[in-house]
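With chain A held as given, fit chains B, C and D onto it using these hints.
Number of protein chains: 4
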Amino acid sequence: MEENCCRTTSRDEAERRRLINRLSRIEGQIRGLKGMLEKDVYCADILNQSAAVSAALNAFNRELLSSHIHSCVVRDIRSGDDSAADELMVVIGKLLK
Amino acid sequence: MEENCCRTTSRDEAERRRLINRLSRIEGQIRGLKGMLEKDVYCADILNQSAAVSAALNAFNRELLSSHIHSCVVRDIRSGDDSAADELMVVIGKLLK
Amino acid sequence: MEENCCRTTSRDEAERRRLINRLSRIEGQIRGLKGMLEKDVYCADILNQSAAVSAALNAFNRELLSSHIHSCVVRDIRSGDDSAADELMVVIGKLLK
Amino acid sequence: MEENCCRTTSRDEAERRRLINRLSRIEGQIRGLKGMLEKDVYCADILNQSAAVSAALNAFNRELLSSHIHSCVVRDIRSGDDSAADELMVVIGKLLK
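From first to last, the protein sequence lines stand for chains A, B, C and D.
Taking the working numbering, the leading residue of the first sequence gets 1, the next gets one more, and so forth.
Taking the working numbering, the leading residue of the second sequence gets 1, the next gets one more, and so forth.
Taking the working numbering, the leading residue of the third sequence gets 1, the next gets one more, and so forth.
Taking the working numbering, the leading residue of the fourth sequence gets 1, the next gets one more, and so forth.
Derived by calculation from the structure, the hints in this document are not laboratory data.
Since we're looking at a predicted model, the values are computed, not measured.
Any given hint could turn out to be false.
[Said to hold, decoys possible] Among the chain A residues that face chain B by a calculated CB cut under 8 angstroms, a handful are:
| hint | residue |
| --- | --- |
| 1 | I30 |
| 2 | R31 |
| 3 | L33 |
| 4 | L47 |
| 5 | V53 |
| 6 | F60 |
| 7 | L65 |
| 8 | V74 |
| 9 | R78 |
| 10 | G80 |
Glycine included, every Cβ here is placed at the ideal spot set by N, Cα and C.
Here chain A stands alone, though its shape is the one from the complex (with noise of 0.2 angstroms):
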């Protein structure tokens, strides 16, 4: 089983705790554009929030990655791991969609 590096020191833990809590709010935002549309808001109200949480999972995504290639991918590297580099573009390949 893949070990995850993520999560080997004090300050990944609280780098967990932070990724863990954004997506605690895109959850509600989620919850909120629901209700949004169960209460018959105006579209383009609902459009104008819908685009905060694509905005807000982006930076969800962001940070990820960034933990991703100071952690584990620079461990990899350094293990003389050659795979790291290619799952890492496959990732980032779909983010960039």
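Showing chains B, C and D alone in chain A's frame:
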């Protein structure tokens, strides 16, 4: 108060249900991401999953935007309200970042 | 043949000039990127520059889309042509990937 | 002066040629867009074409980023240069907007 044109026919009610169902699935995916972080799953696997959530949210945005254009925007422009085109560009500008 | 509504007033002619000028600048930036690759400039510097070119092209797309919505789409919807909304969503779908 | 790691082998020279060819095609597409605006082609057709140019530029960015990661970033991290990961995130942050 702006009345919401997106809910005046049974077809629009079905559309609204579809949009809410999309959001419920996305909410579940966000909770899944939180679980992955809690269980300390390998970051690259979380990133692949969160890229899929971003894609699902983009699909929701496109469907809501299409619904908005076909109902509110068409109605407003027909009724001579020129501000509908300006408002639409504000929303699209946010979605295109 | 579809007549182009985007060029019926002097304001639209100014808009068309602005759009062509944007493209001329982007064309110059692309040539600049080729020069950087030929002169073997450090990749990260080329990437920063090509991210700027992508942003410039997105700004062009947004301006052309705004012009299209304010002229052609408004005109077609007013004249009762419902296909304008469908066609608009096809274009937006491509820009939102 | 930073030496460019992206041009140290014949494989990298082939890669550089491919990247320059991509840019030449994009430059031709930009000129094509200008021609469409000059000839007053229907805006929606220009938008479909400019969405294709954005996609081609994104493909160029992904290929250059992959080349950068597999050569410069791997080399710098192996040589103990921690700033490579920071610099990479700056570049990715710009590409992800």
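Taking the hints in turn, this is what the structure says about them:
no. : hint : in the structure
1   : I30  : 5 angstroms, holds
2   : R31  : 7 angstroms, holds
3   : L33  : 6 angstroms, holds
4   : L47  : 5 angstroms, holds
5   : V53  : 6 angstroms, holds
6   : F60  : 7 angstroms, holds
7   : L65  : 6 angstroms, holds
8   : V74  : 12 angstroms, violated
9   : R78  : 16 angstroms, violated
10  : G80  : 18 angstroms, violated
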